[in-house]
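4 protein chains.
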Amino acid sequence: MVALTFSSLYLSAQTVRYIPKHEELKYTFGGHPPVMTLKPGAILETWTEDCYDGAVKKPTDIPSQVAPIGRDNPQTGPFFVETAKPGDVLAVHIIDLEPSRDYAISSAYPGFGALTTTDYTALLNPLLPEKVWWYKVDKKKGTVSTKLGERTLEIPMSPFLGCIATAPQRGEVRWTVTPEAYGGNMDIYSIKKGATVYLPVQVDGALLQLGDGHLAQGEGEIVGTAVESALHVKVKVDVIKGKAIGWPRIENDEYIMTTGSYRPLEDAFRIAYKEMVLWLTDEFGFEQMDAYQLCSQVGEVDVVQVVDPNYTVVAKISRKYLPNVKPFGGMHEKMKSNK
Amino acid sequence: MVALTFSSLYLSAQTVRYIPKHEELKYTFGGHPPVMTLKPGAILETWTEDCYDGAVKKPTDIPSQVAPIGRDNPQTGPFFVETAKPGDVLAVHIIDLEPSRDYAISSAYPGFGALTTTDYTALLNPLLPEKVWWYKVDKKKGTVSTKLGERTLEIPMSPFLGCIATAPQRGEVRWTVTPEAYGGNMDIYSIKKGATVYLPVQVDGALLQLGDGHLAQGEGEIVGTAVESALHVKVKVDVIKGKAIGWPRIENDEYIMTTGSYRPLEDAFRIAYKEMVLWLTDEFGFEQMDAYQLCSQVGEVDVVQVVDPNYTVVAKISRKYLPNVKPFGGMHEKMKSNK
Amino acid sequence: MVALTFSSLYLSAQTVRYIPKHEELKYTFGGHPPVMTLKPGAILETWTEDCYDGAVKKPTDIPSQVAPIGRDNPQTGPFFVETAKPGDVLAVHIIDLEPSRDYAISSAYPGFGALTTTDYTALLNPLLPEKVWWYKVDKKKGTVSTKLGERTLEIPMSPFLGCIATAPQRGEVRWTVTPEAYGGNMDIYSIKKGATVYLPVQVDGALLQLGDGHLAQGEGEIVGTAVESALHVKVKVDVIKGKAIGWPRIENDEYIMTTGSYRPLEDAFRIAYKEMVLWLTDEFGFEQMDAYQLCSQVGEVDVVQVVDPNYTVVAKISRKYLPNVKPFGGMHEKMKSNK
Amino acid sequence: MVALTFSSLYLSAQTVRYIPKHEELKYTFGGHPPVMTLKPGAILETWTEDCYDGAVKKPTDIPSQVAPIGRDNPQTGPFFVETAKPGDVLAVHIIDLEPSRDYAISSAYPGFGALTTTDYTALLNPLLPEKVWWYKVDKKKGTVSTKLGERTLEIPMSPFLGCIATAPQRGEVRWTVTPEAYGGNMDIYSIKKGATVYLPVQVDGALLQLGDGHLAQGEGEIVGTAVESALHVKVKVDVIKGKAIGWPRIENDEYIMTTGSYRPLEDAFRIAYKEMVLWLTDEFGFEQMDAYQLCSQVGEVDVVQVVDPNYTVVAKISRKYLPNVKPFGGMHEKMKSNK
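So the protein sequences, as listed, match chains A, B, C and D.
Using the numbering used here, read the first sequence as starting at 268 and increasing by one per residue.
Using the numbering used here, read the second sequence as starting at 268 and increasing by one per residue.
Using the numbering used here, read the third sequence as starting at 268 and increasing by one per residue.
Using the numbering used here, read the fourth sequence as starting at 268 and increasing by one per residue.
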């Protein structure tokens, strides 16, 4: 196990606020100068636009007609985090997420989704129709609801960030619809209040971006969109020095989680579970074959999305099967305690 | 919605018992004459051997040395169910499953598993080692436990049937390690006490086979085996006339579930969810695009195994999001009420 | 290199003739008693029906209406080859293939093909239409031709066996549309006059089956069918003792070839090339990494079909890059010399 | 068929020369200001470094030790082509390619290649070793040769550009090892002397980049590298206005070709063939189902590489099966005539 030092230990806490103007939103991961510098340990209050760039404003707005080309999935940021260098890990603890409007939206795009031909699963069949489902947000009740024909579908609201990313490695700049090793559009519903997300740092300052709020989502996000919403966001950031990771990881009070975002789906699955085996051997003291056995008997998997240019899989181990180790030097406990 | 008739309605209930001798076990799905005829509505008490053909009897037995080639995953049956014809559905309700030994086994085979090269993901890398984990079964406590190095791993016991199958379509006979449209080695942990499984009937009498008891299993079964055990099995069988399905489906009190077993993993995923959309439109009154939306926001997925010649995915919808429809004409409620 | 013995060396040559009646055709690989016994070294003259079971007899016949369900891809045989035991190799040399009718057929089935949703790539898009293309066979000119709208498409005729199989391993019986380690519906256009095919022997007598003649086919067979034809077939069979192979291999005067049939397509590709690396190290004296390098610089690939339940890939190495080794103890040279 | 205009028709020809200094090489597709502006119709003489950044200079140099991280596959350019706008097509005709050194290199990297675990096919097996094969270039004889153990492997030399790209769409910047819709590291051996390559224009000026010369390569490039070489390059560029394409296309005197670069391999295959069907219906007057049939019977496929972050497949139709149409308004004939 590596001895870790937290950059924030010697820095006093700080709360900063950044509400982007629309023209400050970003449409790529990477490729932009920072909008603000954060100290490790800082608390950031910000806001994210919905994946429709805010252009779908009423139930009769058709996304393909009102949302400008190239304005998918706008991101807030990037934020330069002091002391973060390539080879470090950026820790982001989700303190709070709240919908900022009283409606949310889901829609089917022809040629996008898990049960349709797409640009990549390129078949000759006719396309499915475009359709919008308008959701009413009831913050008091904690639900979102829409009409499916004559019936009302009401779902508990559980806001999460569909996108969270550092700048990609190798100087890449990626479309905001694509997840990969830098994080990005992973659509992981565990990235909600109470979770700590670990992201690889690939460039100086990490260059954190956030966006694509979801209020509810099933496993696979198969129609291509979740219940999409603008969000008020409150997170805490910190830096773990000298601890490289290959793919994003997540902790909450119940689970440790690893992620993989690639195609085909079995490769995303393999990445996530191999990362878990590596984590278990690196920080939890398991021999490799025993870690493999542990995953085989108590591992859980979230197939969070099977619609984006890369698919995303999350592998999870419940803490009840783990020794009492606080990974990343106890970062999750530290971050949640002083929010 | 189709008008369904239950074959069992005009037949009196029946409890039969069949305990196979070892030489009566089967090593293929299909290809065998029935060992017994069951009336629709019958309750069957039987027993299944573990996936090692019972040949691994102590912690030092190495599966590749003691288990004879071609004796993988033995099955009990087949059972001929009266009135079942191709195009019908066989319903199997799991009344009870109990481990029949005080130990259970997991092992890693070189060349089999989700994080290793295999016969199909055919790479040149050196193989991983063979290893056995011996589990103690504590029926009183309801747990299984093994040693991972110096530590003890203890997991709640939840017995389920890794294999449940009708004879395959098109005259096929398949290896007992392979799942497909006939069911087979799906390794679905929801096929446990209280669940009703629906299988396509492909041949007269359906020819039900059962086997491969598991006491615990993580999502993906990545090392290649679950906690494997011989089981005492009690199930009820029935036939739904005139209601064809393409792939196995499952109901319990909480969920309706569809399955897909194929490669690559995204195709298994697509099959399962398309079956769910078809079910929702066929029996629950949803228009297709609304069914697609419903799945996208409240669908759940179990990636039960990513190790067999076909991978298996389960799509699930909680009943709380569904209208009060009893699918298959209420078969699940009927079967669980008079066990 | 293993010392090999040919069963036929001590047996005198034999020419036998078997023309199946329609009711003798088979609709599975495996699962049938032999129609005839062949001695190693025997020459077999036989006939194969087209993939439409001969039911499409004129341009206006619609396959889905005239071809009975379960009568896909009929096979001739099986032939029991004396001395062949599990762990041996069956060698089949193609002496001659001739179309037996003056027409041939191609068609598109809705839900079958490489650029359409299928039972496995299970999407919600509307299906493509069914369509038949009627080909005229000009034996004198050596071409087949059809109409594409107002134009005539004329293609050189090169008859080959779409299907060649031994009985599958592990007691399996497989649909005649599916290729796997036993061979089967591989649709490899190199299996034509002058080629020697090597098949794994899985059961006593090997149980050779042949069928699915094609007169022309592009790479991928993407519409789902080639130019399909009944064939007059003349082959020679022999047995190589004590030389197990995992997947079918092929030799002609120009190439050695290995095959893989699985999904996803990269796994079929990996199987074929890994088999080639194994062959090069086993019989041609290359160290493994050098064999890998050789394949990387001079390997050729035929993606023969991407439409069946498993996809088939052929890896090829030109003899001009190989040492003067006659693999399988010179079987190809021996078989072609005394035909 | 769309009426096309060639930007170059009203521009006089121009020959320009650009030899990059090492520090001018680029390590991403996109993300760089142009090094030079070309007029449509211009002839460009330039030079490309090998994929090892020129750092492997003798047989004992180990790539992972001498080639700096982040310096993979250096590219020459980008070149701004006047008049090219998003929605146009950039045409690049390969006039000549010559190796600029008397050696060339191939090597196996652990964790990269088609028959090994990789970052994406993430398995637990031990890695394969790193190894270098040093090739002697004999320009007079037109061959490259290396030692495989005691033997000499000699291969005809056929220089081609492994990389040719425009700047990616949506503002993306991509690693030079990755091919996608912008072209990039496709490793297509048809991109050699006499071929015309068509690339989608995504940004003003197209921003053409070239690199990664190969002197020979097998189908699949399975060890991860071809016979890698620095090249002298002579190409002609032109712009086709008002003719959008989704993926790169290629013409030579024998074939029209389409490409797809994605994962899994069947998706790359589908993209390439769907593009071909679209091309045949758009410019060659075929009805869609007839185009599908034509591809099915005479289509050819090159699986050029199965090693990069996306795999690349080329679909080809021989001109002998096509009506006498000159696609892209005859651009290929025009470009090859006045070189």
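It is possible that part of the hints are untrue.
Same chains, same label: a pair holds when it works inside one copy or across any pair of copies.
Pairs of lysine-lysine residues, derived as BS3-like cross-links and limited to a Cα-Cα distance of at most 25 Å, are as follows [as the list claims (entries may be wrong)]: (1) K593 to K398; (2) K459 to K587; (3) K398 to K459; (4) K508 to K398; (5) K414 to K352; (6) K593 to K293; (7) K501 to K352; (8) K352 to K293; (9) K406 to K352; (10) K501 to K406; (11) K407 to K306; (12) K408 to K306; (13) K601 to K508.
Hints listed in this document are in silico derivations from the structure and should not be mistaken for laboratory results.
Structure-based check of all given hints:
Proximity of K593 to K398 under the C-alpha cut-off of 25 Å is found in neither arrangement, the shortest distances being 46 Å within a copy and 29 Å between copies. Taking the closest pair of Cα atoms, K459 and K587 come within 25 Å of each other both inside a single copy (21 Å) and across two copies (23 Å). Neither within a single protomer nor between protomers do K398 and K459 lie at most 25 Å apart by alpha-carbon distance, with minima of 28 Å and 39 Å respectively. Taking CA atoms no more than 25 Å apart as the test, K508 paired with K398 passes in neither setting, with 47 Å inside one copy and 34 Å between copies.
Taking the shortest alpha-carbon separations for K414 and K352, neither the intra-copy value of 48 Å nor the inter-copy value of 40 Å comes in at or below 25 Å. Proximity of K593 and K293 under a CA criterion of 25 Å is satisfied in neither setting, with 35 Å inside one chain copy and 42 Å between copies. In this assembly of identical chains, the alpha carbons of K501 and K352 lie at most 25 Å apart only when taken from the same copy (24 Å versus 42 Å across copies). For a Cα distance limit of 25 Å, the shortest separation of K352 from K293 qualifies both inside one copy, at 22 Å, and across copies, at 23 Å.
Within a single copy, K406 and K352 get their C-alpha atoms no closer than 40 Å, and across copies no closer than 47 Å, so neither meets the 25 Å cut-off. Only within a single protomer do K501 and K406 lie at most 25 Å apart by alpha-carbon distance; the minimum there is 17 Å, versus 47 Å between protomers. Proximity of K407 and K306 under a CA criterion of 25 Å is satisfied in neither setting, with 35 Å inside one chain copy and 54 Å between copies. Taking CA atoms no more than 25 Å apart as the test, K408 paired with K306 passes in neither setting, with 37 Å inside one copy and 51 Å between copies.
For a Cα distance limit of 25 Å, the shortest separation of K601 from K508 inside one copy, 15 Å, qualifies, whereas the shortest one across copies, 59 Å, does not.
The structure is inconsistent with the numbered hints 1, 3, 4, 5, 6, 9, 11, 12, although it conforms to all the rest.
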